[in-house]
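2 protein chains.
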Amino acid sequence: MTTLSRRDFVVAGLAVPVAASLTSFSNMPDADAAAPLAGPQVPGWYRYKVGDIELTVITDGTSRFRFADTHVANKTREEVNTGLAAAFYPPDMMATPYNPVVVNTGAKLVAIDPGVGEAAYASSKGATGQFQTNLKAAGFDRGQIDIVLISHFHGDHINGILGADGKLAFPNAEVMVPTAEWTYFMDDGEMSRAPAGRMQDVFKNARRVFDAIGRKVTPYEAGKDVTPGIAAVATPGHSAGHNSHIVSSGKDAIYIQADVTHVPYLFARNPGWHAFYDQDAALAEATRRKVYDMLAAERMPVQGFHYPFPSLAHVERTPAGYREIAMPWNTAL
Amino acid sequence: MTTLSRRDFVVAGLAVPVAASLTSFSNMPDADAAAPLAGPQVPGWYRYKVGDIELTVITDGTSRFRFADTHVANKTREEVNTGLAAAFYPPDMMATPYNPVVVNTGAKLVAIDPGVGEAAYASSKGATGQFQTNLKAAGFDRGQIDIVLISHFHGDHINGILGADGKLAFPNAEVMVPTAEWTYFMDDGEMSRAPAGRMQDVFKNARRVFDAIGRKVTPYEAGKDVTPGIAAVATPGHSAGHNSHIVSSGKDAIYIQADVTHVPYLFARNPGWHAFYDQDAALAEATRRKVYDMLAAERMPVQGFHYPFPSLAHVERTPAGYREIAMPWNTAL
Chain C
30 MTTLSRRDFV VAGLAVPVAA SLTSFSNMPD ADAAAPLAGP QVPGWYRYKV GDIELTVITD
90 GTSRFRFADT HVANKTREEV NTGLAAAFYP PDMMATPYNP VVVNTGAKLV AIDPGVGEAA
150 YASSKGATGQ FQTNLKAAGF DRGQIDIVLI SHFHGDHING ILGADGKLAF PNAEVMVPTA
210 EWTYFMDDGE MSRAPAGRMQ DVFKNARRVF DAIGRKVTPY EAGKDVTPGI AAVATPGHSA
270 GHNSHIVSSG KDAIYIQADV THVPYLFARN PGWHAFYDQD AALAEATRRK VYDMLAAERM
330 PVQGFHYPFP SLAHVERTPA GYREIAMPWN TAL
Chain G
30 MTTLSRRDFV VAGLAVPVAA SLTSFSNMPD ADAAAPLAGP QVPGWYRYKV GDIELTVITD
90 GTSRFRFADT HVANKTREEV NTGLAAAFYP PDMMATPYNP VVVNTGAKLV AIDPGVGEAA
150 YASSKGATGQ FQTNLKAAGF DRGQIDIVLI SHFHGDHING ILGADGKLAF PNAEVMVPTA
210 EWTYFMDDGE MSRAPAGRMQ DVFKNARRVF DAIGRKVTPY EAGKDVTPGI AAVATPGHSA
270 GHNSHIVSSG KDAIYIQADV THVPYLFARN PGWHAFYDQD AALAEATRRK VYDMLAAERM
330 PVQGFHYPFP SLAHVERTPA GYREIAMPWN TAL
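These protein sequence lines are chains C and G, in that order. If you're matching positions, the first sequence starts at 30 in this note's numbering and goes up one per residue. If you're matching positions, the second sequence starts at 30 in this note's numbering and goes up one per residue.
Calculated directly from the structure, the hints in this document are not laboratory data. Take the hints with a grain of salt, since some may be wrong.
Cβ pair distances, simulated, as ranges [claimed, not checked]:
hint: 1; chain 1: C; residue 1: GLY226; chain 2: G; residue 2: ARG95; range: 57 to 63 Å
hint: 2; chain 1: G; residue 1: ALA136; chain 2: C; residue 2: THR247; range: 39 to 45 Å
hint: 3; chain 1: C; residue 1: LEU362; chain 2: G; residue 2: PHE94; range: 15 to 21 Å
hint: 4; chain 1: G; residue 1: PRO200; chain 2: C; residue 2: ASP322; range: 54 to 60 Å
To be clear about the criterion: a stretch of chain G counts as covered by chain C if any three or more of its residues have a C-beta under 8 Å from a C-beta of chain C, and this derived list gives those stretches [as the list claims (entries may be wrong)]:
hint: 5; region: 65-79
hint: 6; region: 304-315
hint: 7; region: 333-341
Where a beta carbon is used, it is the ideal one built from N, C-alpha and C, also for glycine.
All chains, please: the whole structure from these sequences, using the hints.
Shown next as structure tokens:
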């Protein structure tokens, strides 16, 4: 029989649970033995209040793509790498976080943009598709979600409407979608006129997801409350009917921006950079500048789907555009 | 019998566990009922790698003091409030996070600066004294800690050496202290010459803590490895023998700065501001500028005890001093 020390497990990089290791090798004095690497990351959720409303950021994980410049339509690889370096990111790689939010208004439990879907967990080797696991870790059951609120119809925002079984992932939820987005993407004429490639894929994927729930959705209007405490704001450009949401209670408010910017370390700092996924890049830039001018002037906090977890920041103006300033972590509520 | 709805619990602000609520009120349809506010914050730990070495930031919580300007020796209340506003902090309040780090070098499990101590948990109503609870949540048993590594002798860095019972909180650990700090603070002549008030209190508290463990410590020298993978660096000024630590493995390294700056949003951005607790403010400022010039030039990441959790940042130069840029959260290891 081969004798293993805890040191061997460390060298081999095996993720042996601490307790099991201690039991197996209890003849070794604790103070002289290395603990095995503990391995997993802390569960990915973070809670904060806006007035009386409770928000819980539930990360769905982070995708990493090579090359980053393929995500920027109007800049060269060299320019994008300069931007990455300015933000202390490594060259070439694009790190794209996905951060849904669960809002408890006191009357409704609302999940905003439930991520890429559970099916992605296995295919990404745990990098993404974490939403349902982290939702549970945060103390929620998927059956408690009253409303699934969708900002726009790109796959990373709607695929999580469906569970691993291809059915509605939130059995008691009403799915609410922007009227303008629904009107555009579910229109066969628009689909027939859309360019081949990515735009056709967006149309097809939206139909795949919404057909799986029998197109049973509740459209909502920009400029009105979706439900008391959550207002919708039209922020078009990234997609035809893209909406953002403002959660407010008393004097407190937060701007939940969806994809007004893609990752802030490139697209807030350089608002003239166009994300490859912008449907109408000029309109998206105009929307971005308008929203960010307001956020900076009002000193209003923003929650960004593609901001690094917990994706909460303030925004200030810079000569080149805007800069996101991560809000300090609150260690106790 | 009074009939309560889940809504009543929300209005009353009671922290009823979700599962219990669902059981008790299962006659209410889920889709129309509000979930009770879920309440607690996510456990306060975060894990990352430096080469083969695993680091886990274990927050001890955050203290809040009024007024912030009492923490800055050479600036007016108005100047401090201007600094707070620039960093999007509310006026007057001083938020001071405490963030110990556990380093698994592969051979030793090392806890650096274990915080304010468990006894503070009750007296602060859970705001601080969280280290042991979060250590356990991160998968560690206090008996596994091989080395408690101390940067300097201020109470928020050494009080956690002792448990709630007033004895060594880590039963199998060696306590390692900077030789220069030990020589200064344990010298009766130095104590007799120190000014009354805060400095006398530092001397007394250091003796209280180290006397409780029979002064059984291992002094370590600046400029050498404390243990393979962790080097000590003399960073004097904040206290006589203040040390920082560099964790390195292969080509990766991180600078664990202890109190080279107090909170970065005031003292990194304004390196000429003097924290009220600096023993030799001019020397502390010279050390701070030297370390931060190096961090900025080398683009070396820093882990700061008083940085907001997870207290990991890069540093860049600004016209006024330096700016900390929070490192992006890693959602999977």
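Is it true that GLY226 of chain C and ARG95 of chain G lie within 57 to 63 Å of each other by Cβ? holds, 58 Å
So is the region 65-79 of chain G in contact with chain C by the C-beta rule, three or more residues under 8 Å, or is the coverage claim wrong? With 11 residues in contact (Cβ-Cβ under 8 Å with chain C), the coverage given for the region 65-79 of chain G holds.
Verdict on chain C covering the region 333-341 of chain G, criterion of 3 CB contacts below 8 Å: holds (count 3)
Given the range 15 to 21 Å, decide if the beta-carbon distance of LEU362 of chain C to PHE94 of chain G lies inside it. Cβ of LEU362 of chain C to Cβ of PHE94 of chain G: about 19 Å, so the range 15 to 21 Å holds.
Between ALA136 of chain G and THR247 of chain C, does the C-beta distance stay in 39 to 45 Å? violated, 59 Å
Distance restraint hint 54 to 60 Å, applied to the beta-carbon atoms of PRO200 of chain G and ASP322 of chain C: holds, 58 Å
Checking C-beta pairs, does the region 304-315 of chain G have three or more residues closer than 8 Å to chain C? The restraint on the region 304-315 of chain G is violated, since only 0 of its residues have a Cβ under 8 Å from chain C and three are required.
The structure fails hints 2 and 6 (numbered hints given earlier, in ascending order).
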